Amino acid sequence: MDIKNFKEKLFEMAKKEGFSEYELFYSNGKSLKVSIFKGELEKFSNSKSGGVSFRGIFNGKMGYSFCEKIDENTIPALIKYAKENAQIISEDEKEEIYKGDKEYKTIKTFYEDIENIQVDEMIKNCLEMEKAVLEYDSRIVSCNNCAMAKSSGETYIANSKGLELSKKGNFIFAYTGALAKENEETKSGMELFGGFDIKDFDAKKIGQKASQKALACLGAKSVGALAKENEETKSGMELFGGFDIKDFDAKKIGQKASQKALACLGAKSVPSGKYNIVFENECFTDLFSCFIGNFYAENVQKGFSLFKDKLNTQIASNLINIADEPLMENGYNSTAFDSEGVACYNKNIIENGILTTENGILTTPVEQITIAGNYFEMLKNIKELANDLKFATSGIGTPSVFAGKLDISGE
Amino acid sequence: MIDKNLANEILTEATSKGADFAEIFIENNDKSSITLINGKVENALSGIDFGIGIRVFCKGKTIYAYTNDFDRANLLNIAKEVAKATGNNRKITILDFDKKDYKKIGIQSTKILPNSIEKTKIVEMLKNASNSAFSYDKLITETSASYSHSIQNICIINSKGLWAEDERVRTRSSISSVASSETEKQTGSVSPGALMGFEFYNNTNLEELAKEASRSAVTMLKAKYCPSGKMPVIIENGFGGVIFHEACGHGLEAISIAKEDSVFCGKIGQKVASEKVTAIDDGTILGKWGSINIDNEGTETQKTVLIENGILKSYLVDNFYGEKINMKSTGSCRRESYKYAPVPRMRNTYIANGTDKKEDIIASTENGIYAKYMGGGSVNPATGEFNFSVREAYIIKNGKIIEPVRGATLIGKGEEVLKDIDMVSDNLEHAEGVCGASSGSVPTCVGQPMLRVSKITVGGRG
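Chains as they are written, first to last, in the numbering used here: chain A, 1 to 411; chain B, 1 to 462.
Some clues are possibly wrong.
[As the list claims (entries may be wrong)] List time: in silico PhoX-like cross-link candidates among lysine-lysine, alpha-carbon distance up to 20 angstroms:
| no. | chain 1 | residue 1 | chain 2 | residue 2 |
| --- | --- | --- | --- | --- |
| 1 | A | Lys274 | B | Lys224 |
| 2 | B | Lys61 | A | Lys124 |
| 3 | A | Lys131 | A | Lys33 |
Honestly, the hints are just simulated from the structure, not real lab data.
Values in this document were obtained by computation on a predicted structure and should not be read as measured data.
Chain A extracted, bound-state conformation:
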């Protein structure tokens, strides 16, 4: 059913049922993904789906509902659920339907090149990545993940105050994993490419980097030295959140991975205690992501943030600058307006210092250690920042950070 037609019918019933203001949010998506295993197409998936969510003010309070069946017959359920939910929501939850802004910035979020890539080409890219992983070193025993996917989506918002906005965007990514084995010890590595400009994609380099990462971890011993610490946390992140993502520079990645691999071999054991800790950019991004909720106004207002009443006070080392830039070019979460139709703008969250340059710390690989500390104390004690800012697919990024002394537990 056509979405504008659906909107008309929905709004008609909402009005009749006593909602004073109301809004429809619709989004749809298409995606295509291919996975390779042992030189053959292992998985192919393709999807096309959409859903609507409705919200409306009933007796002064906002109620929400959603549905994935977009046809006339589901309108009564959307209205009924929203009404039930409005009736139980707390009086304190004051929400409004937004009338819209005068101006919305134009940012590029849709790329024709991505839309035009065919399945055959995606399969070919995966085969190249897999080959690069397996041929990299005789200790690489398996390429346990190898896939490429693209997705696109559209969003439409309309409400009773006359707001009507739409946007579309797309994205492509590829990832590969490597398993390295030596002396009964198995380690894994993973590499990801995500982006907008398909010309940047280099299958071979991605495969090689995944293998390098797996090899780099071989020979790690229990209990950590300073650098070991970094490696351990980093490896945890790759597996948990996913991957390594950046504007793809094959040569740099290759060189850096080689350096890491060399530095990591032959780690030594160190006892538990306080150590100076350097978090690599990907690793610190992961840590930072866990605490980002503290910056959300809602959490601050409700007392769930430790930043409550801290506006205009020093909460971090004066080296730290934190910005939120929804209008960034080629940003993973770039958007001209938010989910309520409010125009987005770039803003500084913490503005206190200058980014300094510091690079090149030799590391030794470690496994089986933990780091402990208080994040907020650590923010205040940060000693230095590197110039290697890197974004994860979550849209969150940090440079590498020298955090000062923290506790390490080993044997």
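Please build the complex by placing chain B on the supplied structure of chain A, with the hints as guidance.
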């Protein structure tokens, strides 16, 4: 949920280019959730997820497509695209479907549909739990109480003539208490749930559970930091089983075995754990959160012994990966929704009761940690390396629990921990969780009796 002729047309079209097998999965999921913060309704949301997935097997690979546009032309077009990814011309003819409705014949059934309950009644139940959490101690500064239910109707139809329907009704609540001092916050929480309707709350006392959440938060607020090093660790029953789930269970799923991505590959019949360890994954326990009548390939679920007295007995198997490793389905194929191709997953996983007594385990431990409640963590599934936080831990000295400590983490390798389990008690309990993997988030239980690992690396401060 779909017309028989249309289902037949879709399956015929999907297999028209040489696929060996085609399957349709249809779902209608009526969901609702309510969240109270500090006793006030902060969030209330309900709606319906609805869609169809089409899966095809062709020469050892899977092709998956889904949509929620049920227009006949769109469905047939998707089936055609799926077929394109397969090989030459060969048609599978389906004569008739063998229809089974597990709503009527399944052992798991619901008494009170949760969408028949007035939402104000649910809010009242959560408010009482929140009040109970607050009144436990003045140090409790915030609470969160939430409720959710889902009524998932499914229909699985395949080219072998299977037509299975079922209704899965689940409900879960969660109470969290935050205890605060001037500079610190500590959280305690409980999250009971079941494959049951609203009758679940007849025997679940949220107010008592809320007190337990507050007790844990307050205890941790007053606790010192945990020491670090390698030492014996006693892990309490219930959610303690999360370590087995994460660090071993995932490695026993046939998808990891088929990809040779697991430390348990090729080890059936071999000793992989201490003889004290018997591990089971059971989808048949009545009303349990991770139970099912049939899995998402339409196979009736079962109780699967994974490890018996330390010997590896079985993996968790579905039809697709089962064919690759030459094993029969264990009724373990699961998915979050029609948006995911299903893969073998855990259901209610647990380490079975042993013969040791709880008191003896503590009394025989000279110097170690007692982990009462485990928290979250992460695992490398290929190597079994894990790290977990301990939500509530205590120091043990000379066979006695001495004092609570906070900030503890446990790190190790699943394989090694299994071998280092040296005592297993007899107080098995299950705990509800949500497990995320390639086929999305599915409800699972973890579980175990109290057990001891002779040595494990504990991370702390100092």
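Going down the list of hints, with the structure as the test:
The suggested pairing of Lys274/A with Lys224/B holds, with an alpha-carbon distance near 17 angstroms, which does not exceed 20 angstroms. Under the criterion of a C-alpha separation no larger than 20 angstroms, the hint pairing Lys61/B with Lys124/A is consistent with the structure, at around 17 angstroms. Proximity of Lys131/A to Lys33/A is assessed by CA-CA distance (about 19 angstroms); at most 20 angstroms being required, the pair is judged to hold.
Checked against the numbered hints above, the structure violates none of them.
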